[in-house]
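Residue numbers (this note's numbering), protein chains in the order written: chain W, 1 to 428; chain E, 1 to 428; chain R, 1 to 428; chain A, 1 to 428.
Hints should not be assumed to be uniformly reliable.
To be verified - Derived contacts from chain R toward chain E, CB cut-off under 10 Å, selection only:
| id | residue |
| --- | --- |
| 1 | Cys35 |
| 2 | Leu38 |
| 3 | Ala39 |
| 4 | Glu41 |
| 5 | Asp42 |
| 6 | Tyr43 |
| 7 | Val44 |
| 8 | Ser47 |
| 9 | Asp86 |
| 10 | Ile169 |
| 11 | Pro174 |
| 12 | His402 |
What the hints assert, rightly or not - Calculated Cβ distances over 10 Å to all of chain R for the following chain E residues:
| id | residue |
| --- | --- |
| 13 | Arg103 |
| 14 | Thr111 |
| 15 | Asp123 |
| 16 | Glu131 |
| 17 | Glu347 |
Hint data in this document are derived by calculation from the structure and do not stem from the laboratory.
Where is the CB? At the ideal position from N, CA and C, for every residue including glycine.
4 protein chains.
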Amino acid sequence: MPPGEQTDAEARLTLSRERWLARYEEVRHESEHLCRPLAIEDYVVQSVPEVSPPKWHLAHTSWFFETLLLEPFLQGYRIFHPQFGDLFNSYYRTLGEPFPRPRRGVLSRPTVAEVYRYRSHVDAAVAELIESVDSGDLAYVAERLELGLHHEQQHQELLLMDVKHNFAINPLRPAYHEAPEPAAPEAAPLAWVDFPGGVVTIGAASEGFAYDNERPRHEVALAPYRLASRLVTNDEFAAFVEDGGYRRPELWLADGWTTVTENAWQAPLYWERRDGTWWHMTLGGMRAMDPHEPVCHVSYYEADAFATWSGKRLPGEAEWEQAAAGLRVAGNLYDTGWLHPRPAKGEGLAQMFGDVWEWTANSYEPYPGYRRAAGPLGEYNGKFMSNQRVLRGGACVTPASHLRATYRNFFYPHDRWQFAGLRLADGP
Amino acid sequence: MPPGEQTDAEARLTLSRERWLARYEEVRHESEHLCRPLAIEDYVVQSVPEVSPPKWHLAHTSWFFETLLLEPFLQGYRIFHPQFGDLFNSYYRTLGEPFPRPRRGVLSRPTVAEVYRYRSHVDAAVAELIESVDSGDLAYVAERLELGLHHEQQHQELLLMDVKHNFAINPLRPAYHEAPEPAAPEAAPLAWVDFPGGVVTIGAASEGFAYDNERPRHEVALAPYRLASRLVTNDEFAAFVEDGGYRRPELWLADGWTTVTENAWQAPLYWERRDGTWWHMTLGGMRAMDPHEPVCHVSYYEADAFATWSGKRLPGEAEWEQAAAGLRVAGNLYDTGWLHPRPAKGEGLAQMFGDVWEWTANSYEPYPGYRRAAGPLGEYNGKFMSNQRVLRGGACVTPASHLRATYRNFFYPHDRWQFAGLRLADGP
Amino acid sequence: MPPGEQTDAEARLTLSRERWLARYEEVRHESEHLCRPLAIEDYVVQSVPEVSPPKWHLAHTSWFFETLLLEPFLQGYRIFHPQFGDLFNSYYRTLGEPFPRPRRGVLSRPTVAEVYRYRSHVDAAVAELIESVDSGDLAYVAERLELGLHHEQQHQELLLMDVKHNFAINPLRPAYHEAPEPAAPEAAPLAWVDFPGGVVTIGAASEGFAYDNERPRHEVALAPYRLASRLVTNDEFAAFVEDGGYRRPELWLADGWTTVTENAWQAPLYWERRDGTWWHMTLGGMRAMDPHEPVCHVSYYEADAFATWSGKRLPGEAEWEQAAAGLRVAGNLYDTGWLHPRPAKGEGLAQMFGDVWEWTANSYEPYPGYRRAAGPLGEYNGKFMSNQRVLRGGACVTPASHLRATYRNFFYPHDRWQFAGLRLADGP
Amino acid sequence: MPPGEQTDAEARLTLSRERWLARYEEVRHESEHLCRPLAIEDYVVQSVPEVSPPKWHLAHTSWFFETLLLEPFLQGYRIFHPQFGDLFNSYYRTLGEPFPRPRRGVLSRPTVAEVYRYRSHVDAAVAELIESVDSGDLAYVAERLELGLHHEQQHQELLLMDVKHNFAINPLRPAYHEAPEPAAPEAAPLAWVDFPGGVVTIGAASEGFAYDNERPRHEVALAPYRLASRLVTNDEFAAFVEDGGYRRPELWLADGWTTVTENAWQAPLYWERRDGTWWHMTLGGMRAMDPHEPVCHVSYYEADAFATWSGKRLPGEAEWEQAAAGLRVAGNLYDTGWLHPRPAKGEGLAQMFGDVWEWTANSYEPYPGYRRAAGPLGEYNGKFMSNQRVLRGGACVTPASHLRATYRNFFYPHDRWQFAGLRLADGP
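Starting from the given sequences, assemble the full structure and let the hints guide the process.
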């Protein structure tokens with residue numbers, strides 16, 4: 001993601017160096033805090049190619065600061081290790097030849113202790129940079145710093161997703177943390193909320209932090225539409241399963257049906273039937289499924305098939321954003337500590353932020369007028385704009401300070417290890 | 001594709017039974033005419049899974065009439081062979097278990113002669129149906145008949161694409177027909193044509209034949225934009241190749257770069273360098289490449305990378321349709337007999353129809369308010385609305401009577417055996 | 001296979017040119033005779049990579065004579081087509097880059113008619129060579145000629161195996177010929193025939209035609225052993241199937257069990273259960289299985305698992321050869337026209353030649369003192385001496401004049417499209 | 001491997017319980033001693049499917065004692081963990097469904113500490129069993145114990161092979177231990193040692209410990225032959241590489257050539273060319289290659305191609321055993337601590353034991369009269385008797401007390417991560 005526009009540079013200058021340092025330390029500390037429950041062995045493994053070992057996340061986020069901030073801006077900076085450049089580059093081909101992603105879990109070295117030393121080395125240097133950078137350069141440095149911190153927050157969420165997957169495929173089914181017993185309230189009843197449509201404006205305004213894929217702000221023509229007042233629940237999704245949902249090709253997109261049959265999918269990821277009832281893996285270990293919680297860990301294909309079976313459809317991303325535009329970014333996000341979706345409460349449009357990411361009907365494409373930045377930051381978002389789908393709203397593992405109504409997350413339609421569910425839409 | 005709306009049933013009734021029969025015979029005859037240059041052996045082979053043997057196309061189009069028209073509407077109809085239902089079903093899962101697509105080329109039986117007998121059997125029955133159907137049912141039968149004829153025309157184009165591929169992978173490089181020597185005029189110089197944008201209406205009106213994916217007609221908000229006056233030429237694309245286009249990851253979408261490296265692509269499909277100059281396979285055999293012809297047989301990834309390298313972009317499908325809205329459907333289409341793209345002539349917006357299909361920037365998605373029909377016709381288009389991209393405008397192998405300005409063709413972004421090229425766009 | 005030893009050159013000279021020509025014409029004619037029942041389409045297809053299209057066999061055997069006999073020995077010989085050298089080279093890497101074997105079925109050209117013209121061209125040239133070669137060279141030419149004819153006979157058997165496979169995977173299950181109804185006699189009861197073992201001599205003597213892999217003749221130490229008097233029958237093998245043979249890993253070699261599970265094998269190739277009884281595909285089409293016929297189309301893994309289940313073992317190849325040493329080469333071979341195994345008749349050691357190839361317990365390895373010939377003929381047999389198993393005795397599709405007691409056939413342990421069955425052994 | 005014959009039970013009884021316990025503790029301790037240089041992370045990873053994580057080896061060898069000794073013989077034995085039965089079963093299908101081998105490296109749990117607790121638990125129980133078992137049962141228990149200890153020694157060698165591979169694929173190329181600098185003596189010059197052949201007896205006698213695949217002892221007829229006095233050196237193998245050995249198909253077995261081309265092999269495993277000289281990975285890290293050391297980490301295909309290129313051949317396993325029959329089991333084995341092959345010294349037949357395993361020309365097949373034991377021990381060796389090749393003589397990572405002249409090691413012909421090299425043979 002390229003830096004924000006020049007125009008708000010001055011506003012940022014008013015944030016003192018102290019506040020930047022505090023923000024940096026807070027986010028960096030959170031990544032390490034997240035790892036406290038892990039054994040050394042847990043830092044190393046990679047259950048499937050799309051998952052990365054926790055120690056890789058810790059190192060890669062440091063590499064990001066080292067490569068994009070310290071090397072260009074901190075004079076005399078000494079890189080920590082000459083081979084970490086390739087080892088911890090994720091996919092920036094303008095910066096070298098990344099170590100192959102599916103092989104991240106076969107590297108026992110560097111050890112976890114070395115990775116923490118790498119973090120300390122980078123942290124000290126970033127602190128030095130914040131203190132020593134010329135006032136004239138501070139705005140530019142702050143932009144990259146802010147990007148690096150948002151990047152690190154994305155990897156905090158990825159780390160939790162990945163630990164969950166690594167633990168779920170282990171026959172011992174270890175727990176990441178001791179989760180509080182759910183209070184098991186009923187989900188609020190489903191209602192429909194109407195929106196008038198029309199020519200609306202979506203996307204991030206030019207001020208304030210946002211990723212480049214949220215810009216430019218632009219007009220979209222919408223017909224009138226309705227959104228469900230809450231997310232689809234486990235109970236509702238189980239009805240689809242019982243009704244033969246995974247055995248009826250007419251409900252599925254063609255590529256979805258191929259995916260279902262090739263992978264022998266019979267239910268959402270992590271669902272297991274034991275003695276006639278559904279259980280599922282959570283970050284707190286195996287638990288009997290709460291019927292009122294939002295369904296989680298479904299792919300786009302499953303979300304779409306469920307909507308077809310329901311006689312409804314998925315929301316468009318502009319529809320979703322228009323509905324969310326006035327809402328406060330609050331809900332069951334990472335900050336609550338639950339790390340698991342919870343039943344909807346209250347009336348009106350609920351669960352727009354948090355619990356689970358919501359699949360939208362749209363492919364992940366550039367907004368009109370979008371241009372990729374030059375250099376490595378142009379690889380941050382733009383090059384993924386094919387074959388993926390947009391998700392909105394954040395999940396119970398997304399830090400609140402990382403989210404916005406205009407935020408566009410994206411995954412392949414077959415991906416389901418992220419905390420993803422769905423909300424139904426209807427009309428026009 | 002579901003039948004058109006009830007409202008234009010009466011208009012269709014005015015077409016006499018004779019005119020329907022004549023139209024039927026004309027299209028069906030064209031499929032057989034197309035196959036005249038083939039040896040028996042050419043009807044059988046399948047070079048790659050996405051290609052089908054010519055005899056399969058001839059049988060499948062007959063199966064379509066048999067299954068969707070004769071079985072439900074012609075009383076006493078006797079199906080030709082009990083196993084053809086599965087053998088020649090392409091992908092209609094509501095109609096049985098189709099024979100696996102990648103294995104179509106391992107079937108020596110039924111023989112070509114048997115397939116032609118199958119066609120005759122179906123043709124006689126359709127003629128009988130047209131003659132004998134109640135006036136009250138004629139409108140409905142005519143809708144399915146019209147759909148079947150458009151379906152057959154799609155397969156005429158596919159058959160030519162497939163024969164070209166089957167011949168191109170053969171080291172003997174046989175020619176399908178004796179193509180006239182190109183006159184080799186220069187391509188018209190590139191100019192830019194401006195469009196004002198605004199809230200425009202796209203999609204097929206409710207009257208007249210169109211596929212369901214072209215409906216409903218709806219509003220779209222467009223910023224001002226410009227389109228290139230003609231298609232990108234071989235010469236222009238060769239400059240991209242010479243400039244290292246296929247070796248520079250920064251120009252490519254991430255999935256595109258994976259495709260390039262995994263398949264070792266170095267140029268468009270069918271290009272071969274011989275003694276320092278480019279040759280390519282055509283339906284007339286191997287020919288030295290004409291630099292002024294539109295580039296053909298490029299994937300979406302290549303089209304997008306070329307546009308990035310050019311500092312431009314691909315047109316959106318709404319932009320393309322808006323520009324094409326007032327134009328006559330005319331150009332270097334199948335009916336010219338060239339079966340190969342030709343250099344642009346004249347001034348103004350050229351080559352909008354014919355020569356090569358134009359990749360647009362858009363994923364193939366339902367228009368707002370689109371609903372899949374129930375039953376097998378719901379599988380015609382709707383279930384393919386994931387992971388594919390829209391192409392517009394038709395090619396030199398597309399029958400003119402098959403095309404419209406609202407026509408949406410679609411292929412996977414890695415596909416390139418269809419006659420596909422690109423036109424550049426710019427703005428907003 | 002390298003030419004025989006110099007020592008018998010004189011013996012061969014006594015065969016007149018006329019007799020060589022007659023022998024050549026007889027074998028070559030038989031290949032074409034075999035193809036009479038085929039439609040043009042049947043010549044083209046390749047159901048799996050190890051099967052070749054019939055037209056490929058017809059062309060490859062001609063290529064063998066052209067490349068190894070005509071090019072080096074017939075002055076002024078004009079090759080038929082410059083690209084046939086690579087197209088019809090099977091695996092002789094010293095002679096160029098063979099066209100990829102799994103892709104032989106995607107070539108519609110050359111047509112079948114062109115392949116027959118190729119054969120005529122080669123036949124005329126070979127006739128000319130036989131007539132015109134110097135007496136001094138005749139011995140050497142005759143050696144290659146004899147090798148080429150045995151090579152062609154191998155391909156006659158392969159052609160029948162391949163046609164059977166091509167027809168068997170076709171849902172229409174076409175028949176190759178009209179097979180006479182089986183007389184359905186009972187199989188002779190199983191008896192055991194004892195052999196004393198000791199230090200015996202096996203392998204082909206230095207005189208007369210034999211492949212290089214049958215030489216040199218050498219000593220082997222054998223313990224006393226017994227052989228079953230006849231082949232294992234369908235009935236006996238069905239008992240293994242009913243007893244859960246394909247679901248019990250303890251009966252299988254480790255690689256065999258992997259093969260069974262990965263391919264979901266549940267019975268021999270071509271077996272199909274219909275309404276509770278076994279049917280199988282034959283060259284005469286689908287037929288109810290005769291329980292008394294020898295089991296056919298089993299892999300080495302299945303043969304070995306059956307033997308383990310029976311508490312017996314497979315014969316060693318030296319054991320088999322010692323037992324066959326004094327027998328006449330006669331039985332249900334190609335020459336009977338049955339093209340299908342038949343129940344054992346009579347007393348004593350039966351079915352040693354014909355019906356089905358018998359898997360032996362031995363890997364295909366060089367005899368002590370074996371040396372590969374230099375040049376392309378060194379690639380005929382020697383380079384396949386890894387990972388394959390020896391079969392002995394010939395099958396109902398093997399020409400009688402092609403077989404010997406010392407003949408070593410070989411296939412991979414998972415192969416089962418050849419006509420292969422087994423005979424049990426016991427002791428020491 | 002099944003227990004030895006009843007006949008030597010009495011001899012074993014003379015070994016006191018104390019001596020069995022001491023032997024058990026010595027071998028078990030060695031496995032843990034071997035792991036001292038490892039970081040926790042090194043215990044977890046699996047670079048390729050055929051390699052296992054060190055913690056898996058430590059657990060699996062304990063599982064072997066638990067399952068085959070403690071469960072059946074120690075009354076009241078409480079298994080350590082109910083799921084370890086499947087997790088640490090390697091391939092004994094009669095004992096349950098083993099966890100998939102290629103996925104051993106994705107399990108972070110049990111932790112290394114838990115695995116060591118598992119070992120202690122088992123060790124205490126085995127000690128208790130040795131102390132408490134009835135005298136009448138001691139012989140039988142001792143047989144299984146002895147098998148378990150040989151099994152553990154096999155895994156000690158595997159563990160070193162696997163750590164080497166895990167470290168070699170890591171771009172940081174960590175060292176397992178600090179190896180002493182090689183003294184770099186020249187290899188002894190190559191001489192040929194003659195053997196008369198004849199009918200010889202090979203295989204293990206019925207007394208004393210041996211694996212079942214070494215029995216029964218039996219006669220083999222051998223022609224006269226010669227063996228090279230020492231192993232092939234790096235220098236000699238490098239000459240093959242320089243001579244285009246990896247680019248000349250005529251030198252290779254057909255399956256070998258496929259392996260070479262599919263894997264782009266250009267030299268033995270672990271060889272790397274840096275600035276024009278060869279380096280290779282060792283357990284002491286990357287080192288410049290010593291030209292006089294035996295070549296190591298070659299597959300059967302490479303060994304065979306080298307022999308062909310040399311105009312020689314590989315020894316038969318009977319030839320090798322006959323030559324080794326009178327020799328003392330001594331050489332550069334694990335006990336020297338070198339863990340790397342060293343140049344040959346002295347005159348006469350050298351390096352028969354130790355340095356590298358020697359590929360023989362023979363497939364791994366049962367000796368005449370071999371019968372698999374019933375139950376899980378029947379799976380130890382017998383089921384692998386297809387598609388593998390025999391190696392003889394042990395390597396620098398093989399414990400001396402584990403080896404015998406009759407010992408038959410076996411690997412697939414493409415395997416090369418074991419310490420394998422070759423000795424040339426000649427004649428008859």
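(request) Could you let me know if the closest chain R CB is still more than 10 Å away from the CB of threonine 111 of chain E? (result) Label violated. Min Cβ-Cβ 5 Å, cutoff 10 Å.
(message) Does histidine 402 of chain R hold up as a contact with chain E if the rule is Cβ-Cβ below 10 Å?
(response) 27 Å, violated
(request) Return the status of the interface hint for aspartate 86 of chain R: holds when the least beta-carbon distance to chain E is below 10 Å, violated otherwise. (result) Holds - the Cβ of aspartate 86 of chain R comes within 10 Å of chain E, reaching about 7 Å at its closest.
(message) Does valine 44 of chain R hold up as a contact with chain E if the rule is Cβ-Cβ below 10 Å?
(response) Holds: closest Cβ of chain E sits about 5 Å from valine 44 of chain R, inside 10 Å.
(request) Using Cβ atoms only, decide whether alanine 39 of chain R comes closer than 10 Å to chain E, and label the hint accordingly. (result) Since chain E brings a Cβ to about 5 Å from alanine 39 of chain R, closer than 10 Å, the hint holds.
(message) glutamate 41 of chain R was flagged as interface toward chain E. Is the shortest Cβ-Cβ separation under 10 Å?
(response) 4 Å, holds
(request) Beyond 10 Å from every chain R Cβ: check whether that's true for glutamate 347 of chain E. (result) 44 Å, holds
(message) Minimum C-beta separation from glutamate 131 of chain E to chain R exceeding 10 Å: can you confirm that?
(response) 33 Å, holds
(message) Using the nearest Cβ pair, does tyrosine 43 of chain R come within less than 10 Å of chain E?
(response) At 7 Å from the nearest chain E Cβ, tyrosine 43 of chain R passes the 10 Å test, so the hint holds.
(request) Evaluate the condition: distance from the CB of arginine 103 of chain E to the nearest CB of chain R exceeds 10 Å. (result) Non-interface label on arginine 103 of chain E violated, nearest chain R Cβ at 8 Å vs cutoff 10 Å.
(request) Using 10 Å as the Cβ threshold, decide whether aspartate 42 of chain R counts as touching chain E. (result) Aspartate 42 of chain R check passes; min Cβ-Cβ to chain E is 4 Å, inside 10 Å.
(message) Checking hints one by one. Is proline 174 of chain R an interface residue toward chain E, by the C-beta closer than 10 Å rule?
(response) Since chain E brings a Cβ to about 5 Å from proline 174 of chain R, closer than 10 Å, the hint holds.
Hints 1, 12, 13, 14, counting from the list given before, are not met by this structure.
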